[in-house]
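Visitor: The listed protein sequences derive, respectively, from chains A and B. Mapped onto numbering that gives the first Met the number 0, the consecutive letters of the first sequence carry residue numbers 0 to 278. Mapped onto numbering that gives the first Met the number 0, the consecutive letters of the second sequence carry residue numbers 0 to 336.
For the record, the hints were derived by calculation from the structure and aren't laboratory data. Heads up, the beta-carbon is just placed ideally off N, CA and C, and yes, glycines get one too. Any given hint could turn out to be false.
What the hints assert, rightly or not - The calculated label-pair distances, taken between Cβ atoms and stated as ranges, are:
| hint | chain 1 | residue 1 | chain 2 | residue 2 | range |
| --- | --- | --- | --- | --- | --- |
| 1 | B | G231 | A | A256 | 52 to 60 Å |
| 2 | B | D191 | A | P198 | 49 to 57 Å |
| 3 | B | G192 | A | P57 | 51 to 59 Å |
| 4 | A | K229 | B | G88 | 55 to 63 Å |
| 5 | A | E191 | B | D191 | 43 to 51 Å |
| 6 | A | G132 | B | D191 | 48 to 56 Å |
| 7 | B | K61 | A | T8 | 44 to 52 Å |
As the list claims (entries may be wrong) - Residues from chain A that keep clear of chain B, each with C-beta distances beyond 10 Å, as calculated:
| hint | residue |
| --- | --- |
| 8 | Y4 |
| 9 | P6 |
| 10 | P60 |
| 11 | G87 |
| 12 | Q105 |
| 13 | L139 |
| 14 | H169 |
| 15 | K171 |
| 16 | A200 |
| 17 | F206 |
| 18 | D223 |
| 19 | G233 |
| 20 | N253 |
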Amino acid sequence: MAGTYSPETLAELERVALEVRRNVLRMTHKAGSGHPGGSLSCTDLLTALYFHELRVDPKNPRWPGRDRFVLSKGHAAPALYSVMAEKGFLPKEELSTLRELGSRLQGHVDAGKLPGIEASTGCLGQGISMAVGMALDARLAKRDSRVYAVLGDGECQEGETWEAFMAGAHFKLDNLTAIIDRNGIETDGTTEEIMALEPLADKTRAFGWHTLVVDGHSFPALLDAFAEAKTVKGRPTMIIAKTVKGKSVSFMENKAAYHGKPPSSEELQKGLRELGVEN
Amino acid sequence: MAALVPPTPATTPPPAAAPARRTESLRDAYGKTLVELGKEDPTMAVLDADLSGSTRTALFGKQFPDRYFNVGVAEQNMMGIAAGLATGGRCVFASTFAVFAAGLAYNTVRQSLGYNRLNVKVVATHGGLTVGGDGGTHQMLEDVALMRSIPGMSVVVPADAPETAAATRTFHASYGPAYMRLSRESFPVVTDGKFQLGHFGVLRDGKDLTYAANGIMVGRALDAADEMAKSGVDVRVVNCSSMKPFDNHTILRAAQETGAILTMEEHTVLTGLGAAVATATSERYPVPVRRIGTPDLFGESGDPWKLMEKYGLSQERILAESFEMLKLRGTKGREGA
Ligand SMILES: Cc1ncc(C[n+]2csc(CCOP(=O)(O)OP(=O)(O)O)c2C)c(N)n1
Ligand SMILES: [Mg+2]
Chain A
0 MAGTYSPETL
10 AELERVALEV
20 RRNVLRMTHK
30 AGSGHPGGSL
40 SCTDLLTALY
50 FHELRVDPKN
60 PRWPGRDRFV
70 LSKGHAAPAL
80 YSVMAEKGFL
90 PKEELSTLRE
100 LGSRLQGHVD
110 AGKLPGIEAS
120 TGCLGQGISM
130 AVGMALDARL
140 AKRDSRVYAV
150 LGDGECQEGE
160 TWEAFMAGAH
170 FKLDNLTAII
180 DRNGIETDGT
190 TEEIMALEPL
200 ADKTRAFGWH
210 TLVVDGHSFP
220 ALLDAFAEAK
230 TVKGRPTMII
240 AKTVKGKSVS
250 FMENKAAYHG
260 KPPSSEELQK
270 GLRELGVEN
Chain B
0 MAALVPPTPA
10 TTPPPAAAPA
20 RRTESLRDAY
30 GKTLVELGKE
40 DPTMAVLDAD
50 LSGSTRTALF
60 GKQFPDRYFN
70 VGVAEQNMMG
80 IAAGLATGGR
90 CVFASTFAVF
100 AAGLAYNTVR
110 QSLGYNRLNV
120 KVVATHGGLT
130 VGGDGGTHQM
140 LEDVALMRSI
150 PGMSVVVPAD
160 APETAAATRT
170 FHASYGPAYM
180 RLSRESFPVV
190 TDGKFQLGHF
200 GVLRDGKDLT
210 YAANGIMVGR
220 ALDAADEMAK
230 SGVDVRVVNC
240 SSMKPFDNHT
250 ILRAAQETGA
260 ILTMEEHTVL
270 TGLGAAVATA
280 TSERYPVPVR
290 RIGTPDLFGE
300 SGDPWKLMEK
310 YGLSQERILA
320 ESFEMLKLRG
330 TKGREGA
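Working from the sequences, and respecting the hints, build out all of it.
Guide: Structure (structure tokens):
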């Protein structure tokens with residue numbers, strides 16, 4: 000059911016994602032800590048969600064009828080803040096305050112500080128349960144809004160994620176779409192070496208989720224998957240997005256070392272140059 | 000009787016710098032000691048949950064891959080597996096960040112280790128505010144309270160790297176579930192590297208006032224005691240690293256001999272060291288006790304040392320409280336009364 004998307008639509012998504020990647024490098028470098036690898040791998044997912052899928056209003060972030068988004072892998076905060084700044088939820092100048100004392104941009108996303116963040120996360124495994132609860136809330140309130148969550152693949156080693164998967168199917172939450180950022184890498188190495196997840200799609204299918212495996216860096220593929228999810232009745236949809244950790248910054252790609260290490264000054268220069276700017 | 004007046008408030012905020020004494024990493028000390036113990040004890044096993052570089056258990060994993068298990072991002076599972084491994088009589092160490100060890104996996108620690116009385120040593124890194132940038136979700140300020148509440152669980156908050164190494168060895172040499180809280184930041188070296196469960200070291204003798212501190216606050220207490228000496232106030236500094244078993248004797252002796260105790264900890268002031276000292280003294284030898292610790296709040300992102308200032312774990316606050324306490328006592332020293 001491939002949709003056709005205008006060249007302008009796709010170009011705009013590419014433009015936003017490129018700017019977000021630059022900001023991920025700038026922000027984590029300035030903060031001197033943070034998680035560039037997993038921010039870069041989910042940049043396209045977040046861009047596609049915020050610029051094509053989610054019904055949200057940056058001028059009215061608490062509009063009751065909005066769709067809800069939960070970043071279950073809360074350490075990808077730099078990517079989400081950058082996408083939200085592009086969308087107009089916060090001034091772009093504020094991005095440079097990441098992790099500073101008094102900043103709204105906490106190291107892990109904080110719903111109490113930045114309007115537009117739906118759930119505070121950081122401790123992995125919990126966001127997807129909150130998303131299940133939000134989907135139940137929408138149903139009880141007879142609200143037609145949808146709920147989306149992005150999880151890490153390493154995060155899926157937490158037992159709670161599977162408890163949430165069970166519950167999402169049990170409650171027949173067809174208003175819920177979860178996306179696993181399947182970059183294959185966690186902190187200490189590859190997921191398959193540390194605690195194997197495969198066959199992941201078979202597992203989520205067995206847990207009762209309509210499961211799609213897509214290229215997480217292809218906007219048409221992602222938009223198609225989101226569209227398909229909305230047609231599914233009686234169960235939630237799991238999109239396993241195949242991604243590259245550190246995507247688009249050559250020396251970070253597929254490197255566990257950049258999970259939690261910001262770029263040095265030279266690396267920042269090099270990375271930004273690869274992303275088409277000098278600084 | 001020297002200055003009972005607080006020092007003139009600084010016009011500029013104190014520099015947000017790391018302490019001036021020589022610092023060493025507690026995590027490094029732990030990782031190195033694990034490797035030594037692994038050589039001495041061929042049955043010892045170690046577990047981690049996808050943070051082996053940060054906790055330093057990777058050092059053990061490299062040397063003894065057969066006895067090392069990285070279970071992925073799954074802390075409850077790690078604690079349960081550790082307990083299972085220990086059922087055969089093996090000493091098992093399990094590490095992750097404090098917020099996941101004591102917080103996320105609390106009930107697994109309580110039941111599988113505690114209730115089962117198994118020989119698992121939970122050594123948690125990244126305790127407290129000094130986690131810094133990761134923010135309030137990661138700054139564990141309740142772990143000592145949670146772990147102390149489990150019957151039979153030993154709890155240690157070492158002051159520096161040498162004490163960390165010694166406590167790791169003590170854990171290995173003694174039977175039973177135990178918890179140790181380490182930090183992300185390096186701390187000043189302040190102890191002689193000796194450690195005994197149930198025993199507090201007196202790092203500086205004094206008769207006018209006692210500072211009872213643990214973790215990073217021990218170094219700060221010693222600095223503050225130096226400062227107080229300039230005003231002629233003679234402060235005793237007690238390192239309360241063995242939070243359980245607790246050294247009531249040393250605390251009560253300090254109460255009797257110095258007449259007032261100021262506690263300091265990088266932990267919620269509601270349920271940590273301050274509460275323990277207040278309990279011990281009020282039951283047996285009531286003296287004025289004041290507590291410095293984090294207020295009843297979550298932490299937030301920021302530079303570790305700026306956070307310490309903001310949440311009141313600062314030198315300024317220690318000095319101000321000290322002068323207040325001397326006023327409460329109404330006299331400089333017991334002997335001079
Ligand atoms: C419960 C919990 N345990 C451990 C951590 C520390 N931690 C942060 S990110 C991470 C690895 C996550 O891997 P993955 O989900 O694959 O993230 P990504 O590759 O998308 O960055 C770990 C262990 C945490 N935040 N929460
Ligand atoms: Mg991953």
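Visitor: Does the claim that A:K171 lies off the interface hold, with its Cβ farther than 10 Å from every Cβ of chain B?
Guide: holds, 28 Å
Visitor: In this structure, is the beta-carbon distance linking B:G231 and A:A256 contained in 52 to 60 Å?
Guide: holds, 54 Å
Visitor: Could you say whether the range 43 to 51 Å given as a hint is met by the Cβ separation of A:E191 and B:D191?
Guide: holds, 47 Å
Visitor: Is the nearest Cβ of chain B still more than 10 Å from the Cβ of A:P6?
Guide: Holds, since 40 Å exceeds 10 Å.
Visitor: For the pair B:K61 and A:T8, does the Cβ-Cβ distance stay inside 44 to 52 Å?
Guide: Distance hint for B:K61, A:T8 holds at roughly 50 Å.
Visitor: If I take the minimum Cβ distance from A:F206 to any residue of chain B, is it greater than 10 Å?
Guide: holds, 17 Å
Visitor: Holds or violated: 48 to 56 Å for the Cβ distance of A:G132 and B:D191?
Guide: Given a distance of about 53 Å, which is inside 48 to 56 Å, the answer is holds.
Visitor: Checking the smallest CB distance to chain B, is A:Y4 really beyond 10 Å?
Guide: Holds, since 35 Å exceeds 10 Å.
Visitor: Is the Cβ of A:N253 farther than 10 Å from every Cβ of chain B?
Guide: Correct as stated: the minimum Cβ-Cβ distance to chain B is 17 Å, above 10 Å.
Visitor: Is it true that B:G192 and A:P57 lie within 51 to 59 Å of each other by Cβ?
Guide: With a Cβ separation near 56 Å, B:G192 and A:P57 satisfy 51 to 59 Å, so the hint holds.
Visitor: Just want to verify: A:Q105 was marked as not at the interface with chain B; is every Cβ pair farther apart than 10 Å?
Guide: At about 4 Å from chain B, A:Q105 fails to clear the 10 Å cut-off, so the statement is violated.
Visitor: Taking the CB of A:K229 and the CB of B:G88, does the distance hold inside 55 to 63 Å?
Guide: holds, 57 Å
When each numbered hint is compared with the structure, a violation occurs for hint 12 only.
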